[in-house]
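Fit chain E to the supplied structure of chain Y, relying on the hints for placement.
Going down the list, the sequences are from chains Y and E. The first sequence: position 141 = 140 (numbering that gives the first Met the number 0), numbered continuously. The second sequence: position 132 = 131 (numbering that gives the first Met the number 0), numbered continuously.
Treat the hints with caution; some may be incorrect.
Here are some chain E residues the structure puts well away from chain Y; computed CB gaps all over 12 Å [unchecked claim]:
#, residue
1, 35
2, 36
3, 96
4, 106
5, 128
6, 150
7, 211
8, 212
9, 236
10, 253
11, 262
Distance ranges between label pairs, derived from CB positions [claimed, not checked]:
#, chain 1, residue 1, chain 2, residue 2, range
12, Y, 186, E, 173, 49 to 55 Å
13, E, 143, Y, 36, 31 to 37 Å
14, E, 129, Y, 36, 26 to 32 Å
I should point out that these hints are in silico values taken from the structure, not numbers from a laboratory. In this text, a Cβ means the ideal position worked out from N, Cα and C, and glycines have one as well.
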Amino acid sequence: MWVRSTMVYRTSFLMLAAGSFATSVLDFVAIMIMFSHVEVLGGFAFHEVALLYATSATSLGLADLLLGSFDRVGTRVRDGTMDTMLVRPVPALAQVAADRFALRRLGRIGQSVLVLGWALGGVDLAGGAWAPLLLAVTVLSGTAIFGAVFVVGGAFQFVAQDAAEVQNSFTYGGATLLEYPPTIFAKDLVRGVTFVVPLAFVNWLPVLRLLGRDDPLGLPGWADFAGPAVAAACCALAGLAWRSGLRAYRSTGS
Amino acid sequence: MRLSGVYFAVAAGGFRRYSTYRVATAAGVFTNTVFGFILAYTFTALWSERPHLGGYDESQALTFVWTGQALLAAAALIGGGFQEELQERIRTGDVAVDLYRPADLQLWWLSADLGRACFHLLGRGVAPIAVAAFFFELALPASPLTWAAFLVSVVLAVVTGFALRYLFALSAFWLLDGTGLNMLSTLLSMFFSGMLLPLTVFPGAFGEVVRLLPWAATMQVPADVLLGEYEGAGVLGAFGFQAAWAAVLLAAGRALQSLATRKVVVQGG
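Chain Y with its partners taken away, still in its complex shape:
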């Protein structure tokens, strides 16, 4: 329905999709400008950073396309429209996900896929035949991890209705973090995004393996392949958080 309704205003849709494309282009232009001054950043060459950028941005883009509307939960709780969703015979989770489904976000995904192709042209991937497979699995489990963060953020807003921005620090902030090599961040920060909010599994660990580099925390080798398992655990936790959020929800009564 939301797809059809946006397609009614085709020009506006195209403009927004182009805008979404351009927004992420400028992100990458900033990295390009950085590399116009330096050869390596944190020991990583331009193509390698581009690979990190592209995997992070693609995963976030996909998760944002599917579940990005979860940052509107707070607004819906405040204005009381959450109630209408709860009386319908469809799970609230699916309804929130479909709410204002914005196909224009394809613009961002398109841009990151282009960068991905360019980056792959400039690096030698370790791992031979299964490298493409690992890359695909990485992007998908990355999407699931970011998706879980979106859902947890939505659940959190049942409690703190005004705190949509906190979610942004974990989704958009997290994605920005993952665009750069882990070597430039403080160890404690890297530990935090590995063990507390497991964003490191979105791309750092598997991509470091593909680039044939050691991870700065010295984790055992199998951790590089743990993405899908971590993603599944995240989704389970997010499901629980969402349910307890719904249970704690008290209507504004308007």
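This is chain E only, laid out in the frame that chain Y set:
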């Protein structure tokens, strides 16, 4: 009440309005701090590779990052503030009521935006810098004179930012749906204000042009004033640059506004 009193009351209302959202403010401080940390680490990596890039040493570059995060909400560098609200009033036709008031539309919204900016500077500006001063070596000025100059520059930055966004907001008179242009506005501001990278780092002629655009007045210039990049009377030149853009853009907004009110039929409800 005298008319100037009205604008003061509107500004105070803007301040009070945003001060009500305490959780949102705390969330904003958290977000600014997180982004500040991420940018600070990437800048550290960049400046350790190329010391004195863009004319800053490392602690100056870090101060630049945190100044940007502190100004983000106050100067509405990635949008927010009045823009969407005014467009909604234009779309629904409520703007007709605003135009009927004995107060000027542009000054009305400017006052409200100044009140909002004032709250955001205190609410979301001070805390991230305080946290940063704890973890990083910042190049904050010792002289109260520099701080005073910084505040003047911030006021001019907010006015310039307002004037820019007012132009984008008025487009709703013709387009009705401002979403696309708002996105463009945010995009331009994010990139050309210096928030992603200091404009002094932008290469060659492109960099020179970028530093002359109005967006430079909204973040790059106040940050440079704080960092003491302007010597002595050079600060006046910086103020002049900001004031000139503010004046030009406010005048353009005024012209567009009178064109809109004369030519456009307001939708009634």
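Closest CB of chain Y to the CB of residue 35/E still more than 12 Å away: 10 Å, violated
Consistency of the no-contact label for residue 212/E, given chain Y and a CB cut of 12 Å: Given that every Cβ of chain Y is farther than 12 Å from that of residue 212/E, nearest at about 14 Å, it holds.
Reported absence of residue 96/E from the contact zone with chain Y (all CB gaps over 12 Å): 23 Å, holds
12 Å Cβ clearance of residue 128/E from chain Y: At roughly 17 Å from the nearest Cβ of chain Y, residue 128/E sits farther out than 12 Å, so the non-interface label holds.
Claimed clearance of chain Y by residue 253/E, with the beta carbon kept past 12 Å: 27 Å, holds
12 Å Cβ clearance of residue 106/E from chain Y: At roughly 30 Å from the nearest Cβ of chain Y, residue 106/E sits farther out than 12 Å, so the non-interface label holds.
Verdict on residue 36/E as a residue remote from chain Y, using beta-carbon distances over 12 Å: For residue 36/E, whose nearest Cβ neighbour in chain Y is about 7 Å away, the distance does not exceed 12 Å, so it is violated.
Check on residue 211/E being off the interface with chain Y, judged by Cβ distance over 12 Å: 18 Å, holds
Hint check for residue 173/E and residue 186/Y - Cβ pair distance inside 49 to 55 Å: 54 Å, holds
Pairwise beta carbon distance, residue 129/E to residue 36/Y, judged against the given window 26 to 32 Å: 31 Å, holds
CB-CB spacing for residue 36/Y and residue 143/E relative to the 31 to 37 Å hint: Roughly 35 Å apart at Cβ, these two residues keep to the hinted range, so it holds.
Consistency of the no-contact label for residue 262/E, given chain Y and a CB cut of 12 Å: The claim stands: residue 262/E keeps its Cβ more than 12 Å from every Cβ of chain Y (closest is about 22 Å).
Checked against the numbered hints listed earlier, the structure breaks hints 1, 2; every other hint is satisfied.
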